[in-house]
Amino acid sequence: MKSFVGFAENIRFSLQEAFIALVPFVVLISAIRLIDFALLYSGVAVPFLANETLNDIGRLLDVAMPVMLAISVSYQLSILFRIDRVTGAALALAVFFFDTYGAMSIDDVEAISLASVNAVIAPLLALMILRACTRLPLPRLHHGALSYNLENALNMALPALLSFILTVAVLSVLHDAADAIYAALAPAFLGLGSDLALALYLAGSQFIWFLGLHGTNLAYLAVPPDFGAFEVASGLSRDMFMTSFVNLGGSGATLGLALAILLFSRNPHMRSIALVALPFTAFNISEILVFGLPIVLNLRLLAPFVAVPVVCQAVALLAVSHIGLAVYPAEVPWVTPMFLNVYLQTGEVWAVLLQAALLGVSTLLYAPFVVRYGRLRENTLGPSLLNDGADFDDHMRRQHGRTVFDHHTELLRNSEAARDAVEFLRENRLAMHYQPEIDARTGACVGFEALLRVWVEGRGFLGPYFLETLENAGFAHLIDRWVCRQVLLDLVRVQEAGPDLIVSINLHPDTIADRGTVDWLVQAFADMPVSFEIIERGLRSDPAIADNLRRLSGAGLSIAIDDFGAGHSNFNLLADLPVSIVKFDRSLLLSAAEQRGRIVYRKLTGLCHELGYRVIAEGVETRAQADLVASCGVDLIQGWLHAPAMPLDEAIAFAERLNGADLVKSTPACWPMQPRN
1 MKSFVGFAEN
11 IRFSLQEAFI
21 ALVPFVVLIS
31 AIRLIDFALL
41 YSGVAVPFLA
51 NETLNDIGRL
61 LDVAMPVMLA
71 ISVSYQLSIL
81 FRIDRVTGAA
91 LALAVFFFDT
101 YGAMSIDDVE
111 AISLASVNAV
121 IAPLLALMIL
131 RACTRLPLPR
141 LHHGALSYNL
151 ENALNMALPA
161 LLSFILTVAV
171 LSVLHDAADA
181 IYAALAPAFL
191 GLGSDLALAL
201 YLAGSQFIWF
211 LGLHGTNLAY
221 LAVPPDFGAF
231 EVASGLSRDM
241 FMTSFVNLGG
251 SGATLGLALA
261 ILLFSRNPHM
271 RSIALVALPF
281 TAFNISEILV
291 FGLPIVLNLR
301 LLAPFVAVPV
311 VCQAVALLAV
321 SHIGLAVYPA
331 EVPWVTPMFL
341 NVYLQTGEVW
351 AVLLQAALLG
361 VSTLLYAPFV
371 VRYGRLRENT
381 LGPSLLNDGA
391 DFDDHMRRQH
401 GRTVFDHHTE
411 LLRNSEAARD
421 AVEFLRENRL
431 AMHYQPEIDA
441 RTGACVGFEA
451 LLRVWVEGRG
461 FLGPYFLETL
471 ENAGFAHLID
481 RWVCRQVLLD
491 LVRVQEAGPD
501 LIVSINLHPD
511 TIADRGTVDW
521 LVQAFADMPV
531 SFEIIERGLR
541 SDPAIADNLR
551 RLSGAGLSIA
561 IDDFGAGHSN
571 FNLLADLPVS
581 IVKFDRSLLL
591 SAAEQRGRIV
601 YRKLTGLCHE
611 LGYRVIAEGV
621 ETRAQADLVA
631 SCGVDLIQGW
641 LHAPAMPLDE
651 AIAFAERLNG
661 ADLVKSTPAC
671 WPMQPRN
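All the letters of the sequence shown, read from the start, carry residue numbers 1 to 677 under full-length UniProt numbering.
It is worth saying that the hints were derived from the structure and are not from the lab. One thing to keep in mind: the hints can contain errors.
What the hints assert, rightly or not - Per label pair, the in silico range of CB-to-CB distance:
#1 357 with 25: 32 to 38 Å
#2 551 with 431: 54 to 60 Å
#3 97 with 460: 28 to 34 Å
#4 136 with 97: 42 to 48 Å
#5 282 with 211: 23 to 29 Å
The structure displayed is predicted, hence computed values, not measured ones. Glycine included, each C-beta is placed from N, C-alpha and C at the ideal position.
Please model the entire structure based on the sequences and the hints provided.
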């Protein structure tokens, strides 16, 4: 049950973010409508703008709005479900267009209403089904010659097709069920009477908004097509009546809510939201308060949010029925600001005063709820707040927003890293350097670790700072292949310098997990003096890694575990895998500066020897550290004390000079450069 509630909460936050992301688009549509109405009402002509241009653009944007919402929802849900954003959006839009406009024209009234619903329902259903389909044991393509993105795209094709078919089928069933429910309830609804039917419609649409969906459009699907055109008074339709006297500031009479917060609440968070929302509510755009305060799923504000429009309806109907009202035939846009809209609509000053009175009523009705809600938010340690869940809700929304922002940032970093790597390759600025590995007993150079370097103008060769983001972007296997090809070329010279010299190559876990790449490694490095290193935490990332390591070992290639001790070490993995070398992370050496750390270092070395592994001490920078690790019994030493990573020519010259000298154990050789202390 808890997992289901958490899953539902995550979906709610994603939907909220999707709606909030479209606020600028809503403002743009509103501004175009206002400008169009202002030009039409004033009679001002703009030389470069035809009379119907803004109206046509506004209608096109109205049609585009559900499409934009479907894209926004699919994007947010793709992040939540960890689905490729392009795949998720493409599937959601395919379902959305097929189900919405498959049997109706794009400007059909029913299609427009259905589009607002499908913009949320279609992506939600499609991506939930796609998430389930990706876990099915469907055939998958594995080929080392394909890029990661192409292979992933091809493997998503079958789940996406299956998801499309299933989602369309589910939506068809839902439509049939909705039609049956409507046919059963519509007669009873229409028999309630005009005023009661309108009150029920208002309450229903407000409750739908409370759930985070577009209540107005959804509620219109449950009423007859001419519901909004029914006359409340002479020339005053229900739509005009609700815009002028009920939805003051948008659904829920949110202008009164904003004023109630600013007048009666002391909570700084609520006041900030109200100040930001006030200009929008002035143009009847309520999304800022609905999703930002929030009103969505906030039980503390549910009662006034549903009741205030119903009260405004009752008061306004009473006033309109007792006072004559002349209404102009032209309907003003719903985004026309309060007071101006009703004056342009009726030409009556008393109608403006009625609006002002209704705004005062809505503000006073919201006031006690706003005050209580603000006090609950201030008492962050009180049990009532825990029951209310308000601050937790806001925290989760902010956290979700930060997650999305971090995700965007990571995507940009990955994209930049990929471009950098391509430029480095094109400009031949990537190179291999080799750091010697020294025998702890004899002081001889027994091999090198191959390390990637990049040439930066004015700074020389640097470590591959782009490597982590490039790996996160899914290009680890491409970089590893480039490194392996370079090492293959350099191995000829290494073997000429010393047939017993071994070169260690670092491989990313994704590379080891790919069977095609492992096949290539086995073929390319057969009978070569190389050792493949994989970081210890990578052993647990994919079950295929263990099998592929055994295949490499079976081909006579050595396997080394890198950075051992940097995380949660697992000796069970070492015992089960064909490992021949263990490289101790430098963090173990630093902790060995204390007596207890030295005991751990010595015991780990002895345990690895008992398991039949050779031990390499990484990060040795001082003679004291070299003496320490040698006393613990390590086999090889690697670090700046002896030599940094260097170009191949220098590395070979260093090995030849070191191995050709008459060395003694007490005086290990050092790189001519001054070592770090």
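Against the structure, the hints:
no.	hint	in the structure
1	357 with 25: 32 to 38 Å	holds, 34 Å
2	551 with 431: 54 to 60 Å	violated, 30 Å
3	97 with 460: 28 to 34 Å	violated, 55 Å
4	136 with 97: 42 to 48 Å	violated, 25 Å
5	282 with 211: 23 to 29 Å	holds, 26 Å
The structure shown violates the earlier hints numbered 2, 3, 4.
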